[in-house]
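Undergrad: Kindly produce the complete structure, drawing on both the sequences and the hints.
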Amino acid sequence: MRLFTVLLKNTKKIEYYSRFSPSPLSIKQFLEFGRDNACEKTSFMFLRKELPVRLANTMREVNLLPDNLLSQPSIKLVQKWYMQSFVELLGYENRKPEDPQALNDFLELLIEIRNRHNDVVPTMAQGVIEYKEKFGFDPFISSNIQYFLDRFYTNRISFRMLINQHSEMMNHALPSCSLTDESGFGGCQENATCLNA
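For the sequence shown, the residue numbers in this note's numbering are 3 to 199.
Not one of these hints is a red herring.
Cut-off 20 Å, straight-line C-alpha distance, at most; resulting in silico cross-link-like pairs (SDA-like, lysine to any residue):
1. K51 with M163
2. K82 with E132
3. K82 with R116
4. K134 with L151
5. K134 with P124
6. K78 with E135
7. K15 with V89
8. K136 with N146
Keep in mind the hints are simulated off the structure, nothing from the lab.
TA: Following this line, the structure appears as structure tokens:
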């Protein structure tokens, strides 16, 4: 019964977060934040909402794949990794950015997530191979799968870029950052910039 409750709760959270679109960030905005406004607190506030949104949207798209593909062991493994990362990120929904321990724990979690997701590309490819070996080649389904994979990998790249930027910023952060903006980007004092992120 407890497992069912946990799954139901997470499904509701996925539905909630997938209602939001990922924040569109241009390369220019991405670089400017890293150069001009780098602040671990604002990055934390942005990512604790943005990363679950991106994961939830990706997981919903994965669930639209054909059932025969979803039943492959490698695809199930990728789903498990994404669900685990999503659940772990939810633990930071209400953590305070002023808490240095929360910032450090969040950084450690992001590194764990990045490492966990290192093999997503070959594992997803293995799942497609498993599917084709078991069910054969269908040009229509293959075209749809390719479209999905293109989106999936693009989303994965942006997800990793955000994690990597935050990790680099935390490695070079200055202690004088002040929090003044709830939106996520902006709100750091000029002397807290990080030119190396």
